[in-house]
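Undergrad: As given, the protein sequences belong to chains A and B, one line each in that order.
Numbering (the numbering used here) for the first sequence: 284 to 361.
Numbering (the numbering used here) for the second sequence: 2 to 223.
Honestly, I wouldn't trust all of these hints.
[Claimed, not checked] No farther apart than 25 Å at their CA atoms in a straight line, the calculated lysine to any residue pairs in the SDA-like style are these:
(1) A:Lys321 with B:Ala72
(2) B:Lys220 with A:Asn292
(3) A:Lys321 with B:Leu46
(4) A:Lys321 with B:Gln12
(5) A:Lys341 with B:Ala203
(6) A:Lys341 with B:Asn180
(7) A:Lys321 with B:Phe36
(8) A:Lys321 with B:Ser158
(9) A:Lys341 with B:Val20
(10) A:Lys341 with B:Val188
(11) A:Lys341 with B:Asn156
(12) B:Lys126 with B:Leu22
(13) A:Lys321 with B:Ala153
(14) A:Lys321 with B:Ala67
(15) A:Lys341 with B:Glu183
(16) B:Lys126 with B:Ile105
(17) A:Lys341 with B:Phe18
(18) A:Lys321 with A:Arg360
(19) B:Lys220 with A:Val295
(20) B:Lys220 with A:Thr300
(21) B:Lys126 with B:Thr138
(22) B:Lys126 with B:Phe18
(23) A:Lys341 with B:Gln12
(24) B:Lys220 with B:Trp175
(25) A:Lys341 with B:Leu22
(26) A:Lys341 with B:Gly112
(27) B:Lys99 with B:Ala10
(28) B:Lys220 with B:Leu178
(29) B:Lys126 with B:Ala103
(30) B:Lys99 with B:Trp175
(31) B:Lys220 with A:Arg294
(32) B:Lys126 with B:Thr19
(33) A:Lys321 with B:Asn180
(34) B:Lys99 with B:Ile71
(35) B:Lys126 with B:Asp108
(36) A:Lys321 with B:Ser202
Simulated from the structure, these hints should not be mistaken for lab results.
Nothing here was measured: the structure is a model prediction, and the numbers come from that model.
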Amino acid sequence: MIPEKYLTNPRVLRINTLIPIVLMSAMVGVQTVTENGKWVIDQRLAGIAVAVVALLLKAPYFVVMVSAALTSALLYRL
Amino acid sequence: MSRVNRATATQSFGVSFTVGLYGTAFGAASIAAGFSVLQTCLLSLLTFSGASQFAVAGIMGAGGTAISAIATASLLGTRNMLYALRMAPLLRVTGIKKVIAAHITIDESTGVAISQEKLGTQAMKQGFWLTGFGVYTFWNSFTLLGALGAQAMGNPSAWGLDAAVPAAFLGLLWPNLTNNFERVLAVSALVMAVVLSPVLSAGLPIISTVVLAVVFGWKARI
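Just chain A, with the same shape it has in the complex (with noise of 0.2 Å):
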């Protein structure tokens, strides 16, 4: 197993709590604006603009992902 030295090192630990927040980062980016490798700009985009805008007023988890889930069905659909 990996020695505890090598686990408890400050510059580790560092690193790994940013290493979540820079996959999760990726795959929101990776997942809204591109389509099979290549750079698409469609409907996912403003769910997610909508889902930001929930975010920043504190709005509940659900209400979240409930909102981007809406507005990208709607202008799917228009």
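Keeping the supplied structure of chain A fixed, place chain B upon it in accordance with the hints.
TA: Here is chain B on its own, set in the frame of chain A:
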């Protein structure tokens, strides 16, 4: 068996239910990514690691390879190793109990356990086990519900599921961005992954952002 401290039990339940509710988002995301209901439930039952599960669904859904999905999920799971370090001396479990304890060692069970510190080690242990099992039960039940609901949809885009999945990730990410340093890092990672998408095969742009975590983490003042 001693009586469970009421405050500990209440906190465990509250955390378990709230976190479990997120399971619906994963269930739906997984179906949108092309997994079956059974596969979705197995993912939740066997891996039981929220961010990692979303990663697998997100990357496979975007057309990524299984290898990059697993690599991403593993990296997201590394923090659980640190929790295990903290919890092991407290729990002192062996054999099959150790395996079970390891499976339910996540942010929430560790978090609740540590917040019971003032009430003593017995409460801490109770907090850990109650929350661990609580989240496990709710997470898996809601995963099933989410998966069944998504499957009934037909075209995911018509229901906005293609925006709901990244919105789910964003919602998980947002509270973790506590200062400008982390916000700048998040935006950088987002831009880097998007820019690299036409250049690298699916899944790789996301994993490659780990470089940013290393660079930013290395230079940061502690």
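Undergrad: Taking only the CA atoms, is the gap from Lys341 (chain A) to Ala203 (chain B) under or equal to 25 Å?
TA: violated (33 Å)
Undergrad: Taken at face value, is the distance from the CA of Leu178 (chain B) to the CA of Lys220 (chain B) at most 25 Å?
TA: holds (18 Å)
Undergrad: Between Lys220 (chain B) and Arg294 (chain A), is the straight-line Cα distance small enough, at 25 Å or below?
TA: holds (9 Å)
Undergrad: Within a Cα-Cα threshold of 25 Å, do Lys321 (chain A) and Ala72 (chain B) meet the stated pairing?
TA: holds (22 Å)
Undergrad: With a cut-off of 25 Å on the C-alpha distance, tell me whether Lys341 (chain A) and Asn156 (chain B) pass.
TA: violated (30 Å)
Undergrad: Are the Cα positions of Lys321 (chain A) and Gln12 (chain B) separated by 25 Å at most?
TA: violated (45 Å)
Undergrad: For a C-alpha distance cap of 25 Å, please report whether Lys220 (chain B) and Thr300 (chain A) respect it.
TA: Satisfied, since the Cα-Cα distance of roughly 14 Å is no more than 25 Å.
Undergrad: Does the alpha-carbon distance linking Lys99 (chain B) and Ala10 (chain B) stay inside the 25 Å limit?
TA: holds (22 Å)
Undergrad: Quick one, are Lys341 (chain A) and Gly112 (chain B) close enough, alpha carbons at most 25 Å?
TA: holds (23 Å)
Undergrad: Regarding the pair Lys321 (chain A) and Ala153 (chain B), is the alpha-carbon distance no greater than 25 Å?
TA: violated (29 Å)
Undergrad: Given the hinted pair Lys220 (chain B) and Asn292 (chain A), is their alpha-carbon gap at most 25 Å?
TA: holds (14 Å)
Undergrad: Does the alpha-carbon distance linking Lys321 (chain A) and Arg360 (chain A) stay inside the 25 Å limit?
TA: holds (23 Å)
Of the numbered hints listed earlier, those contradicted by the structure are 3, 4, 5, 11, 13, 30, 33.
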